[in-house]
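Engineer: Sequence:
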Amino acid sequence: MDGAAFMTNQPAWLYVGDRPWPYATVWTWQQAAVAARRRQPDLPPVVWAGEHEPVYTLGRGSTWDFVKFAPDAPDVTWYRTERGGEVTYHGPGQLVIYPILNLTRYQPDLHWYLRQLEEVVVLALAGWGISGERQPGRTGVWVGDRKIAQMGIKVSRWITMHGLALNVAMDLGSFDRIVPCGLGDWGICQVRDFCPAITVPGARAMLLAALAQQFAWEWVPGPAWSSMLG
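Numbering (the working numbering) for the sequence shown: 391 to 620.
It should be emphasised that the hints constitute simulated quantities derived from the structure, not laboratory data.
Glycine included, every Cβ here is placed at the ideal spot set by N, Cα and C.
Each hint should be verified, as a subset may be incorrect.
[Unchecked claim] What follows is a set of in silico ranges between Cβ atoms, one per label pair, in the way DEER data are often shown:
(1) Pro401 - Gln421: 20 to 30 Å
(2) Gln603 - Pro498: 18 to 28 Å
(3) Val610 - Gly519: 22 to 32 Å
(4) Gly563 - Asp535: 26 to 36 Å
(5) Pro526 - Val610: 32 to 42 Å
(6) Lys458 - Gln525: 15 to 25 Å
(7) Pro498 - Gln525: 23 to 33 Å
(8) Gln525 - Pro591: 25 to 35 Å
(9) Leu500 - Pro591: 28 to 38 Å
(10) Gly451 - Pro401: 29 to 39 Å
(11) Arg547 - Gly451: 13 to 23 Å
(12) Gly519 - Arg429: 40 to 50 Å
(13) Pro611 - Gln430: 16 to 26 Å
(14) Leu493 - Pro464: 35 to 45 Å
Start from the sequences and build out the full structure, keeping to the hints where you can.
Structural biologist: Laid out in structure tokens, this is it:
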């Protein structure tokens with residue numbers, strides 16, 4: 391099933407980060423948005439799109455086997471989150487997209503939802519002439535044998551949080567302090583490797599267009615940020 395199978399022109403609230411945001415701030419916002427949709431299941435989907443200040447995040451089942459820094463390292467900010475997956479890095483030059491939606495209005499299936507997020511990235515990459523691929527048994531999107539986009543979600547009562555991260559034009563050296571997503575010998579790449587002139591705003595526009603296409607959304611302004619935090 392793709393966006394064409396859904397009712398067209400569904401409104402979705404969109405928030406765009408105007409600078410790299412602290413991870414904890416956006417995480418708190420996600421939790422508030424999820425809680426609101428538990429209380430009011432008919433609220434529209436809501437999406438945050440932006441960049442984070444440098445941070446490492448571990449999934450709920452992650453161990454320290456894939457982490458190369460000490461938990462008390464003074465130069466590192468890290469969080470253990472409720473999403474699936476292993477450790478990853480977020481920072482300036484990487485675009486993160488957090489869709490919060492009620493899957494009962496689409497298809498209540500976690501694997502289906504992850505495949506939709508992957509397809510969003512594949513569609514966006516195609517717009518730059520990049521051939522994005524899936525790897526059997528793995529989550530995310532690759533170009534050849536290098537991973538360009540990561541996925542990690544949490545679903546509770548069929549309401550989603552967390553989402554995807556696309557490496558656009560960032561310092562990939564920060565991934566050297568971890569084994570990203572437990573990938574071992576797999577490498578990491580970014581859009582800039584193939585499109586040197588890419589910018590994060592340009593990537594954001596392309597990815598949001600692909601997301602709206604896949605879910606048949608129409609972007610509309612949401613309530614004031616402060617009201618979303620309750």
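Engineer: Run every hint past the structure and note whether it holds.
Structural biologist: Hint check:
1. Pro401 - Gln421: 20 to 30 Å: The hint (20 to 30 Å, Cβ to Cβ) holds, given that Pro401 and Gln421 are roughly 22 Å apart.
2. Gln603 - Pro498: 18 to 28 Å: Holds, since Gln603 and Pro498 (Cβ atoms, about 22 Å apart) stay within the stated range.
3. Val610 - Gly519: 22 to 32 Å: This hint holds: roughly 31 Å between Cβ atoms.
4. Gly563 - Asp535: 26 to 36 Å: 19 Å, violated
5. Pro526 - Val610: 32 to 42 Å: Hint holds: Cβ distance 38 Å, inside 32 to 42 Å.
6. Lys458 - Gln525: 15 to 25 Å: At roughly 23 Å between Cβ atoms, Gln525 and Lys458 fall inside 15 to 25 Å, so the hint holds.
7. Pro498 - Gln525: 23 to 33 Å: 25 Å, holds
8. Gln525 - Pro591: 25 to 35 Å: Holds: the Cβ-Cβ distance is about 29 Å, inside 25 to 35 Å.
9. Leu500 - Pro591: 28 to 38 Å: 31 Å, holds
10. Gly451 - Pro401: 29 to 39 Å: About 35 Å separates the Cβ atoms of Gly451 and Pro401, which means 29 to 39 Å holds.
11. Arg547 - Gly451: 13 to 23 Å: 20 Å, holds
12. Gly519 - Arg429: 40 to 50 Å: 44 Å, holds
13. Pro611 - Gln430: 16 to 26 Å: At 18 Å between Cβs, range holds.
14. Leu493 - Pro464: 35 to 45 Å: 40 Å, holds
Consistency note: the structure conflicts with earlier hint 4 alone.
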